[in-house]
Amino acid sequence: MRRRQSVTLALIAVVFGFALYVSLPGTPGLPIEVAGRDLSDLRFRQGLDLQGGLHVRFQASPPPDQQLQDGDMDAVKRIIENRVNALGVAEPLIQIEGDNRLIVELPGVEDPEEAIRVFRQTGQLLVINTGFEFIDEGTLLPADPSQTVLRGRDLRDARVGFDSLGAPMIEFDLQPDAANRFQTYTASHLNEVLTITVDEVVISSARIEAAIRDSGVIRGSFTADEARNVAIQLRYGALPVPLEVVETLSVRPTLGQESLQASLRAGVVGALLVLFFMVAFYRVPGLVAAAALIVYASVVFAVFKLIPVTLTLSGLAGFILSVGVAVDANILIFERTREELRAGRAIRGAIESGFNRAWPSIRDSNISTLIICAVLFGFGSGGVRGFAVTLAIGVAVSMFSAITVSRNLLRLTIAWPVLTRPRLFGAGATPGSDT
Amino acid sequence: MFAITSRRGWWYVLSLALIVPGVVALLTGGLKPGIDFTGGSLVQLRFEQDITQQAIQATAVDAGYPGATVQLTEDRGALVRTPPLDVEAKDALVDAILERSGPGQELSFSTIGPVVGAELTRAAAIGVAVASVLILLYVMWAFRRMERPVVLGLAAIGALLHDALFILGLFAMLGHVVGVQVDALFVTAILTVIGFSVNDTIVVFDRIRENRQRHLRLPDAQRPNFEQTVNFSANQSLTRSLNTSLTAVLVLLALIVLGGPTIRLFVVALAAGFLIGTYSSIFAASSALVSWDRRDVPRIWERFRSKLTLVR
Chain S
1349 MRRRQSVTLA LIAVVFGFAL YVSLPGTPGL PIEVAGRDLS DLRFRQGLDL
1399 QGGLHVRFQA SPPPDQQLQD GDMDAVKRII ENRVNALGVA EPLIQIEGDN
1449 RLIVELPGVE DPEEAIRVFR QTGQLLVINT GFEFIDEGTL LPADPSQTVL
1499 RGRDLRDARV GFDSLGAPMI EFDLQPDAAN RFQTYTASHL NEVLTITVDE
1549 VVISSARIEA AIRDSGVIRG SFTADEARNV AIQLRYGALP VPLEVVETLS
1599 VRPTLGQESL QASLRAGVVG ALLVLFFMVA FYRVPGLVAA AALIVYASVV
1649 FAVFKLIPVT LTLSGLAGFI LSVGVAVDAN ILIFERTREE LRAGRAIRGA
1699 IESGFNRAWP SIRDSNISTL IICAVLFGFG SGGVRGFAVT LAIGVAVSMF
1749 SAITVSRNLL RLTIAWPVLT RPRLFGAGAT PGSDT
Chain W
35 MFAITSRRGW WYVLSLALIV PGVVALLTGG LKPGIDFTGG SLVQLRFEQD
85 ITQQAIQATA VDAGYPGATV QLTEDRGALV RTPPLDVEAK DALVDAILER
135 SGPGQELSFS TIGPVVGAEL TRAAAIGVAV ASVLILLYVM WAFRRMERPV
185 VLGLAAIGAL LHDALFILGL FAMLGHVVGV QVDALFVTAI LTVIGFSVND
235 TIVVFDRIRE NRQRHLRLPD AQRPNFEQTV NFSANQSLTR SLNTSLTAVL
285 VLLALIVLGG PTIRLFVVAL AAGFLIGTYS SIFAASSALV SWDRRDVPRI
335 WERFRSKLTL VR
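Sequence order for the protein chains is S and W.
Number 1783 marks the last residue of the first sequence (my numbering); no jumps.
Number 346 marks the last residue of the second sequence (my numbering); no jumps.
These are calculated hints, taken from the structure and not from any lab test.
Computed from a prediction, not measured in an experiment: that's the story for all the values here.
Incorrect hints may have been included.
[Claimed, not checked] If you only want the chain S side, here are some residues facing chain W, beta carbon under 8 Å, derived:
1. Ile1380
2. Gln1605
3. Glu1606
4. Ser1713
5. Ile1719
6. Val1723
Just so you know, even glycine gets a beta-carbon here, dropped at the ideal spot from N, CA and C.
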């Protein structure tokens, strides 16, 4: 028994030490990779409402004569990605949602309006003479009016075709007035390289092989899908379908910082109040519960960092609430222990039976909270999910801290006979103690 | 030991007093759906000097948003709610407001399109329905080994409806008085409170089950009746329930006072829910069990009917 207890205590110490190491701010992290996640970067993931930034949800709204086609959303995503990259935002998130939505999140953006304008603008197609130089796809190439040969509005159509060897290429038609201009130009610039950019990002470079009049082809090392995407970009100069903003959230980083500070302050004050209450009301076990609460907080923080959980304002509220609720298991146990003490049992037996008899209540009552968290996570979005995740993690960890941690710490504590007087367990005269 | 169940008439009166005003406010349209559900825009501003709600409201109306609502927050802040705005329209509105009431700055801006609002409303409705079914199943499961599981389950469901109705009513009254609107987080608060309400009730009923088993083994002369067992169990759970809701309310109070205005109403709803949940599990739910056991409803109905016949 003693031996087993030392092992358990050692395990708790290891878990606590590990959790503390992971959860401390500025931790160097772990030099390993788990499930494709690099654990050497263990910073808190802050949601947009805490670090500031911009969240926009777009919905493709094709005009009546056009239908949304397979791959349109992929093309939209690529174009928006190019524009966002041009903004130079760190860690942007761009993802397709469902069939026709696109979510763009730009953390830390100081000027959300500017960002919205940039990625809602119609993409600018340019065909630029780059001398004899081929330029790699994806390179940023600033517009240079003196070298610009064609613009998006000069194009009448663009589509995917295949050459005699079956390699995909892009065929394009020009507007009549542009065609004349282009013929003159290409005739006098044979063998020079034309580079096509959309929003200043290079899509393709091609050599002028012959004078081109009203239609031509662009060859390159691309797959049929890539060719199709380029054709789409050429055809529309921009997005294959118009985008409508259906949801926007922009938060100034200063407000985010304030919210974070305020939540942290509230969390610290709240936790201190709980610790103070537990010690004042339950004395020795209260101290143990307070220690368990500290283990609890570091384990929860460590879990947040390891998963990782993106913390939002409501997520922090969920965590802070879970601090208040985490001691519930301790309260249930200590109330049981006090009853047993009043009924005249010895301290050791009273504690053990307090833990054993309180367990079914703790388990059953936490399940209902977890059910609600699961529903909130399933049907909610954004802040609702953040709250559900942190509360659920908190409830799950609290079962470990309130039971395993405090039980073993309490066993350790009562090894000192001084600390075993019933009065130190708060077992004075209180109601509910007759039968 | 407190006499809890024998004063059950008073608890019913208290519960009605807590709930009826809210229900009236609900029925008169006090619960105002926010932009999460209706679609709309919310701009949060902060000014460098004192401002008045009327001035900002007037600017918004002049700018062509007669339905705009303005709510002042601490630190010279203001929340302006309008129909859905695009970035250009919002900039124009903010410029107009700052010109008249400024200097100041925009802190945050959110827009929910009507389509997304309708989706959120649907998701919230489905979420509430699913949660209700799951909680119902769970309550049936949790009480499966108890005497009269159906009665216990009904009492637990009654307690959670009691709590949900109280918060809905509270926010309906707040809607009437100060124009408070409810958002997706409000629905979250209601569901969370329901979860904890069931949690509390289960702890109390678990005690009743345990004591009942023990009491049934006692010789007839010493055996407490059902009401005494319930009252005893409610008393035993009293300290725990009070302490648990106290620690929860302590951290929530810290959030209300220090946590900033963005999620304050959400936290207020949670705190109100914890308080009412504790009350309902100890006082209302246990009383309901005793009322069932004592056949209060048929008895009172009988008395009422006999009086009626006398009058006739």
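Going down the list of hints, with the structure as the test:
1. Ile1380: violated (35 Å)
2. Gln1605: violated (11 Å)
3. Glu1606: holds (7 Å)
4. Ser1713: holds (4 Å)
5. Ile1719: holds (5 Å)
6. Val1723: Since chain W brings a Cβ to about 4 Å from Val1723 of chain S, closer than 8 Å, the hint holds.
Violated hints, in rising order: 1, 2; the structure is consistent with all others.
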